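Visitor: So the chains spell out like this:
4 protein chains.
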Amino acid sequence: MELKPYYRKAQFYETDQMGVVHHANYIHWMEEARVDYMQQIGFPYERCTMEHSLDLGLTDINVLYRGMVRFGQTVVIHVAVTALSPARMTVSYRMCEAESGAICFEGESVHFFYDRVHDKPVALKRVLPELYTLFENLCQKG
Amino acid sequence: MELKPYYRKAQFYETDQMGVVHHANYIHWMEEARVDYMQQIGFPYERCTMEHSLDLGLTDINVLYRGMVRFGQTVVIHVAVTALSPARMTVSYRMCEAESGAICFEGESVHFFYDRVHDKPVALKRVLPELYTLFENLCQKG
Amino acid sequence: MELKPYYRKAQFYETDQMGVVHHANYIHWMEEARVDYMQQIGFPYERCTMEHSLDLGLTDINVLYRGMVRFGQTVVIHVAVTALSPARMTVSYRMCEAESGAICFEGESVHFFYDRVHDKPVALKRVLPELYTLFENLCQKG
Amino acid sequence: MELKPYYRKAQFYETDQMGVVHHANYIHWMEEARVDYMQQIGFPYERCTMEHSLDLGLTDINVLYRGMVRFGQTVVIHVAVTALSPARMTVSYRMCEAESGAICFEGESVHFFYDRVHDKPVALKRVLPELYTLFENLCQKG
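Chains as they are written, first to last, in this note's numbering: chain A, 1 to 142; chain B, 1 to 142; chain C, 1 to 142; chain D, 1 to 142.
Quick caveat, the hints were computed from the structure, so don't treat them as lab data.
Quick caveat: nothing in here was measured; it's all calculated off a predicted structure.
Errors might be hidden in some of the hints.
Not everything, but these chain D residues come out facing chain C in the computed CB check (under 10 Å) [as the list claims (entries may be wrong)]: (1) Tyr7; (2) Phe12; (3) Glu14; (4) Thr15; (5) Asp16; (6) Gln17; (7) Met18; (8) Gly19; (9) Val20; (10) His22; (11) His23; (12) Ala24; (13) Arg70; (14) Phe71.
Derived lysine to aspartate or glutamate pairs resembling EDC-like cross-links, with alpha carbons at most 16 Å apart [stated by the list, open to error]: (15) C/Lys125 to C/Asp115; (16) B/Lys9 to D/Glu32; (17) D/Lys125 to D/Asp115; (18) D/Lys9 to B/Glu32; (19) C/Lys9 to A/Glu32; (20) B/Lys9 to D/Glu46; (21) C/Lys9 to A/Glu46; (22) A/Lys9 to C/Glu46; (23) A/Lys9 to C/Glu32; (24) D/Lys9 to B/Glu46.
For glycine and all other residues, C-beta sits at the position ideal for the given N, C-alpha and C.
Just chain A, same shape as in the assembly (with noise of 0.2 Å):
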């Protein structure tokens, strides 16, 4: 499968005072760049989080900032699934600038897999195996 990476433009509400993109939205773009992973494989995030009450949840997050991005400017986010196991799984995430190419962020978060109905973690291989041979199919041991 050829997946594309995801492009972001930074927003004028993402900037602070120093001028440049705020720290804490690398997070969000984290996640908007995962969502449209999901949704690239074939199982977007919404049928998850939606028709089978399954979210994934957050238990980790390490990022670098290698480079401030301005106003305008837009990043290219890649996106690979670095390691999995039935009940958690590694998403790693590196953001380049567009047009200089120059890196500006690397980052992964680690997911557990949450039963909003039953409001208990759950292994993904059991209740979504299909989710998870996509996962296993992907993941690029890092």
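Could you slot chains B, C and D onto chain A? The hints should help.
Guide: Chains B, C and D only, in chain A's frame:
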């Protein structure tokens, strides 16, 4: 009942590259002050939304920006219910910079009452008469 | 000039515990659509704010919430300049859910023009006549 | 010096459709607690950024989500400087739900010092030795 205004310090992440608080954040501050108001009158919004599955939906927001607020400044927010009918309520807000007293914002939000379980608007007067009476007694016709 | 509406997908982080997009985020979407509009007419806001140190400040926002938007839905945002004077401009917005076409939001923002270097409001007609003329030609009296 | 933890009430607009505070907001809370910490030690961040044009840039953020926080709950945030060199600083955070005392979050942010006027990283020890000494005296090696 003696109601106290709500104090809110402007945060760094709320500024934009103009060097002042971004205009969208005042909508958050209106909500914070409205929530604080409900706590003060003895019917916390948590109780409304969690125990009764009743949300205060929004139909209108009208605001005037009258002065800029900078990082580290504190605003004093005065809240009042200024119109009330069985199914609708208007809340008004007046914000001043705490140190100088200069007015920086005036606004109002118009609300309907939304029953999340049955997914429909309801009359507050009918479903939560206790809260309706509280608002009624406090209502200051604008 | 043929202007295209702006498409915006509702993100997960924009929802609140009511299960719909939180009302403050529409203010962000208004800004995104306004920025896109300026790019389409050939005078990007980046150029305005970065090259000319000219910001579009806000004096008023008036909005009507007419329907809820859920995570994953796309809204189509139509933007128009609906009033213009040398020192002030009104921009109007109409948002529909893309799939159903149902209207979900109407709003307007009133702007002044702020010279960041001299820290004062200015007349756009005088300081950036090129941009003023662009807006003038597009202005659709409401 | 007796430093007090920072108390923060979770707001409605900070929740997402999972019914809990969205994970990106903890990054805001880290910042709020860091700003409060600097105020308590007698060198407010406002003074740093406004008088000295010195910003605390970010290089890394590493966080662990250990429990969900719901609307209306208050978190107690403990802050400590846990590493310091002339040009870099690590700040650590520990958040507990105030009522139960249950831990909900641990994190750290790594900072560099950015001179906005000359647009370059600088050594805090050289440009603001007064602040450097304050941090040095408080630094609790992790």
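Visitor: Against each hint, give a clear statement of whether it holds in the structure.
Guide: Status of each hint after checking the structure:
Checking D/Tyr7 against chain C by beta carbon gives a least distance of about 21 Å; that is not within 10 Å, so the hint is violated. The beta carbon of D/Phe12 is positioned within 10 Å of a beta carbon in chain C (closest approach about 6 Å), and the interface hint is therefore held. Hint on D/Glu14 holds. Least Cβ distance to chain C is approximately 8 Å, under the 10 Å limit. With 10 Å as the threshold, the beta carbon of D/Thr15 comes within range of chain C, its nearest partner Cβ sitting at about 4 Å, so the hint holds.
Given the 10 Å rule on beta carbons, the hint for D/Asp16 holds: about 5 Å separates it from the nearest Cβ of chain C. Of the supplied interface hints, the one on D/Gln17 holds, with its beta-carbon coming within about 4 Å of a beta-carbon of chain C, less than 10 Å. Contact between D/Met18 and chain C, as hinted, is supported at the beta carbon level, the nearest pair being about 8 Å apart and thus within 10 Å. The interface hint given for D/Gly19 holds, since its Cβ lies 5 Å from the closest Cβ of chain C, which is under the 10 Å cut-off.
Proximity of D/Val20 to chain C holds as hinted, the smallest CB-CB distance being about 8 Å (cut-off 10 Å). Hint on D/His22 holds. Least Cβ distance to chain C is approximately 5 Å, under the 10 Å limit. Of the supplied interface hints, the one on D/His23 holds, with its beta-carbon coming within about 9 Å of a beta-carbon of chain C, less than 10 Å. Evaluation of the D/Ala24 hint against chain C yields a held restraint, the C-beta minimum of about 6 Å falling below 10 Å.
With 10 Å as the threshold, the beta carbon of D/Arg70 comes within range of chain C, its nearest partner Cβ sitting at about 8 Å, so the hint holds. A hinted interface residue such as D/Phe71 counts as satisfied when its beta carbon comes closer than 10 Å to some beta carbon of chain C; here the least separation is about 6 Å, so the hint holds. Distance hint between C/Lys125 and C/Asp115 is fulfilled; the C-alpha atoms sit about 13 Å from each other, no more than 16 Å. Of the supplied pair hints, the one linking B/Lys9 and D/Glu32 holds, its CA atoms being roughly 10 Å apart against a limit of 16 Å.
Of the supplied pair hints, the one linking D/Lys125 and D/Asp115 holds, its CA atoms being roughly 13 Å apart against a limit of 16 Å. For the given pair, D/Lys9 sits about 10 Å from B/Glu32 by alpha-carbon distance, which is consistent with the 16 Å threshold. Restraint check for C/Lys9 and A/Glu32: the C-alpha separation of about 10 Å stays at or below 16 Å, so the hint holds. For the hint linking B/Lys9 to D/Glu46, the alpha-carbon distance of about 12 Å falls within 16 Å, and the restraint holds.
For the proposed pair C/Lys9 and A/Glu46, the alpha carbon gap of about 12 Å is at most 16 Å, so the pair holds. Distance hint between A/Lys9 and C/Glu46 is fulfilled; the C-alpha atoms sit about 12 Å from each other, no more than 16 Å. For the suggested pair A/Lys9 and C/Glu32, the alpha carbons sit about 10 Å apart, so the restraint of at most 16 Å is met. For the given pair, D/Lys9 sits about 12 Å from B/Glu46 by alpha-carbon distance, which is consistent with the 16 Å threshold.
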